[in-house]
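Note that the protein sequences, when read in sequence, are chains A and B. Numbers 22 to 177, taken from the numbering used here, label the letters of the first sequence in order. Numbers 22 to 177, taken from the numbering used here, label the letters of the second sequence in order.
Rather than coming from a laboratory, the hints here were simulated on the basis of the structure. Quick caveat: nothing in here was measured; it's all calculated off a predicted structure. Glycine residues also receive a C-beta, built at the ideal position from the N, C-alpha and C atoms. This list has only true hints and no planted wrong ones.
Short, incomplete list of chain A residues facing chain B, as computed with Cβ under 8 Å:
(1) Leu25
(2) Asn31
(3) Pro33
(4) Thr37
(5) Leu38
(6) Leu47
(7) Lys108
(8) Trp110
(9) Met127
(10) Thr144
(11) Val148
(12) Leu159
(13) Pro161
(14) Pro170
Counterexamples of contact, computed for chain B against chain A with all Cβ distances above 12 Å:
(15) Ser75
(16) Arg79
(17) Thr82
(18) Tyr92
2 protein chains.
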Amino acid sequence: MEWLETSTENCPVQLTLGVVGEKWTLLILRDACNGVRRFDEFRRHIGLSDAVLSDRLRKLTDAGILRTVPYQEPGSRARHEYRVTRKGWDLWPVLVALKQWGETHMGDGDGPVLDLRHEECGTPVRVVVECERGHTALSPEQVTAKPGPGARPHAA
Amino acid sequence: MEWLETSTENCPVQLTLGVVGEKWTLLILRDACNGVRRFDEFRRHIGLSDAVLSDRLRKLTDAGILRTVPYQEPGSRARHEYRVTRKGWDLWPVLVALKQWGETHMGDGDGPVLDLRHEECGTPVRVVVECERGHTALSPEQVTAKPGPGARPHAA
Numbered sequence: 022m023e024w025l026e027t028s029t030e031n032c033p034v035q036l037t038l039g040v041v042g043e044k045w046t047l048l049i050l051r052d053a054c055n056g057v058r059r060f061d062e063f064r065r066h067i068g069l070s071d072a073v074l075s076d077r078l079r080k081l082t083d084a085g086i087l088r089t090v091p092y093q094e095p096g097s098r099a100r101h102e103y104r105v106t107r108k109g110w111d112l113w114p115v116l117v118a119l120k121q122w123g124e125t126h127m128g129d130g131d132g133p134v135l136d137l138r139h140e141e142c143g144t145p146v147r148v149v150v151e152c153e154r155g156h157t158a159l160s161p162e163q164v165t166a167k168p169g170p171g172a173r174p175h176a177a
Numbered sequence: 022m023e024w025l026e027t028s029t030e031n032c033p034v035q036l037t038l039g040v041v042g043e044k045w046t047l048l049i050l051r052d053a054c055n056g057v058r059r060f061d062e063f064r065r066h067i068g069l070s071d072a073v074l075s076d077r078l079r080k081l082t083d084a085g086i087l088r089t090v091p092y093q094e095p096g097s098r099a100r101h102e103y104r105v106t107r108k109g110w111d112l113w114p115v116l117v118a119l120k121q122w123g124e125t126h127m128g129d130g131d132g133p134v135l136d137l138r139h140e141e142c143g144t145p146v147r148v149v150v151e152c153e154r155g156h157t158a159l160s161p162e163q164v165t166a167k168p169g170p171g172a173r174p175h176a177a
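Please take these sequences and the hints and turn them into a complete structure.
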């Protein structure tokens, strides 16, 4: 089976984009990964409408990428804030990869907006593709792509 | 400067999503990375309308992620097909990271739809975050994130 004869219905890229394949969703997750927790903070920082923010937060929570934690400020009603789940943190490489491309191809030369470093040794981090034997920073030319056991025939 | 006080305007994640932060765009790129080149092939395989496909192909070409190459079938008018540029291939880790999350969290247990392997040693590949000293498969907890030299104050 070749790629064009492979169904896209269970393609994991497509399934993932069905959940986070929308700009605001990933920007909310970016902020949540950077410690933003509260509705008003997301709204002010990202600059999106209440309606869109509510909708995307609900989608992220329904998908198990964010979870809600109740809090109450003195004199205010009970509210909830948002935390990134383990499942949500599993999307962190996607964010780092998007950041890397933007810095490479759309940067203004001022250096990183967000400086990510390995805490232990203090050096900058990057996303790479590596194999099980530890060969790292593989290029697409070094990687073969063939329909695997999960591939199904395209309906067409 | 803390994250909430940092402008999102020049955030590289946001700039990148301004180009590819839409589901169809990334699905077209996925197909192009798998060797799909022609308009009708994209349309049939992905199952999207002519109008959306034309628009997204134009955006990807304008952004320098795809480039057009003319071809002509006997008896047909000249057309062009699409190839992934170097800049486009730089988004490959984003696609592999999206694939990985989908396989981990939305897979049906049948195994990978697309089997990516290091050609040289034959083992499966994955996306990881590594540091300059080669410490690999870093978790978010092992990585510090601080506004860097490119950070600008948020206009609020």
